Amino acid sequence: MEIAEVFTKKNRLLLRAMVSTDFKLRYQQSVLGHLWSVLKPLLLFSVMYVVFIRFLRFGADVPHFAVSLLLGTILWNFFNETTTGGMMSIVGHGDLLRKIHFSKYVVVIASSMSALINFGFNFVVVVIFALVNGVRPSWSNLLIFPIVLQLYVLGLGIAFFLAAIYVNLRDLNPIWEVVMQAGFYATPIIYPISMISSRAGAYGPLLAKLDLMLNPMAQIIQDARHVLITPANPTLWQWESNFFLACWPVMVTILIFLGGVWYFTTKSQYFAELI
Amino acid sequence: MKMSINSKQELPDNVALRVSHVSKDFRLPTERVSSLKGALFNVLRHNKTGFTTQHVLKDISFEIKKGDFFGIVGKNGSGKSTLLKIISQIYSPNQGTVEVNGKLVPFIELGVGFNPELTGRENVYLNGAMLGFTKSEIDGMYDDIVDFAEIGDFMEQKLKNYSSGMQVRLAFSVAIKSQGDILVLDEVLAVGDEAFQKKCQDYFFQAKREKKTVILVTHSMADVRRFCNKAMLIQDGVIAEFGSPNEVADAYSGSFAEQEGKQLEKENEAIRLELGDGVRLTDVETQVEGVKNIQLAINQDFSLAFSFECDHDIEDGVLSFSLIDGQGRLSLAMASTLDGEKRVFTKGEHRMVFDIENIFASGDYRVDAAIESGEKMLFKQIGIYQFQIRNALRFDESMTHPRISMTLQ
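So the sequence lines, in the order shown, correspond to chains U and E. Note that the first sequence covers residues 1 to 275 in the working numbering. Note that the second sequence covers residues 1001 to 1409 in the working numbering.
Heads up, some of the hints might be wrong.
Unchecked claim - Think about it this way: if two alpha-carbon atoms lie no more than 30 Å apart in a straight line, the pair counts; the simulated BS3-like pairs of lysine-lysine are: (1) E:K1160 with U:K24; (2) E:K1177 with U:K24; (3) E:K1135 with U:K9; (4) U:K40 with E:K1158; (5) E:K1177 with U:K9; (6) E:K1212 with U:K9; (7) E:K1292 with E:K1065; (8) E:K1292 with E:K1266; (9) E:K1266 with E:K1103; (10) E:K1065 with U:K10; (11) E:K1160 with U:K10; (12) E:K1158 with U:K9.
Unchecked claim - Computed spacing ranges between beta-carbons, pair by pair: (13) E:S1136 with U:H34: 25 to 33 Å; (14) E:P1116 with U:H34: 17 to 25 Å; (15) U:P63 with E:K1158: 15 to 23 Å; (16) E:F1062 with U:Q269: 35 to 43 Å; (17) E:S1136 with U:K40: 14 to 22 Å; (18) E:S1136 with U:L42: 55 to 63 Å; (19) U:S46 with E:K1158: 33 to 41 Å.
Said to hold, decoys possible - Computed list of chain E residues with no C-beta within reach of chain U, every gap over 12 Å: (20) N1115; (21) M1130; (22) L1338; (23) L1408.
Source of the hints: derived by calculation from the structure; they are not laboratory data. Bear in mind that the values here come from a model prediction, so they are computed numbers and not experimental data. Where a beta carbon is used, it is the ideal one built from N, C-alpha and C, also for glycine.
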């Protein structure tokens, strides 16, 4: 596979240079600088906390739901940043791609790395918040790492698709914004998954299960809440006894990633002409 | 390090670049589809031919040896910039392969693409990383780059605070001072002020002496003759001429001759000769051995023939003319009184022919003419005819091109 070129020394150096440039430029000319990468999700969280937890009483039956809300928010933000940033990355570097030959994969990966760094900062805040909120740390918390890996792979795979399509079709930007908005509500972020099962009538439990199965983001966020905050957050592998079906979202993630890389590879040789 | 596109074949050590059977087509949409609406409409209409195919390069093959200073020339739109982008692996060819031996550093479309928010130093390092250099390699080249660009004081400033000339200078310095194996340059000698251009020229001479591999695309035939040891003319996507820079440069200039000749012919026809006082100029032409020729070769002797008609006898008739070169300088002023003879232009048609030794420099010329009777001006008009002296722009143009023979004793 051509993507292996990413691991050459030359491209590792380029990746590092691009990520550090991005980091340097992200909040330049702003007074608070990188504090914003933590401040923004916290402020958004505060708004949602007031509206959904205090006012609408979402998740009153789930322990530590405020921490769950914060965790869901930053996981979703990470996903949003990886996909949207990745979509823009190739076109954003069009000026360079028309002048120098360098690995196009690196451009998308660099943008996802920036999102990952940002997520790292946010994650520290979540951990502090969880401890303050009385969540007991345990060894099973470490399972968050493979879950974040799955999220990263999913986001990067979609980013590869979007970046390649966006070169030709600039309508994708508003379309993706709408998709993300819909996804935000289709994913248990502001509400616990138990709300779907309890409030959607007879089909509730089935709907909740379908959401976990067909929406990888729902599965990822529920898993993360389960291993990090409290096992009271149900997951797909608790609800589904069939091993194949329980693994389905992970397989979808891998398929999306491979498909994204394949699509990007076939399209990337014409980027310079089309941008 | 060896890089190749679609090929595993090894290049011999003395070959820097091999292009084999490269073709490139561009699809030009007749109606550009870059929105969903357009794409949907096309799908609905089953419109699959919403574009025309333009064959920019057709089966191009050539080889550049290590140490070659290789010139690529061609008219605008001939495909040379596309070829350069394929060589630099920015575009992929539809067919054929490009094999590169070593690290290739391109300088295309004026600039390497800098980030305006980064400082000059950061940009140099980022650009170096894109070209495939490690940090320590760039450390080694950095002082050289800054020296050449002559903007040492500005390196810690953000690029957006640079003048456009400074940006291009820095980009160009990165390209030529980075230790790549092959340097690819597109239209660069227009970069910077006079002092910087001089510096670039010196660098080119040095590169030629040091046998660096350079590929230069240019419209300046003087540069091709001065710097290159091999060159290639591209016309309509094929190699029209390949080999010695002088021949290629001649072919390039020659490719314009026919077109320019037609243009001159047209302009001459458009000139309306004014009526004089009792005299009328009917025709002017340059001739070689009695045959009309408006594109003279250098040092080719020619005749300038004036036809005119008099309504009555003109006592003490004088026909005078001047040749003015492209820069508006007077190259020759001449009158029919040169031989001291007094002439009478009798009633009727006349033809006056001047045989001229052609020592003029190459370029465009126009003819101004006047007819007088003694001191009395009967007819005077500026720009009644244009012609061209072609070829051999091997040396800087002077006003004349005297025949000189040389011996070495």
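Problem set entry | Hints the structure fails to honour | Of the numbered hints, 7, 9, 15, 16, 17, 18, 20, 21 do not hold.
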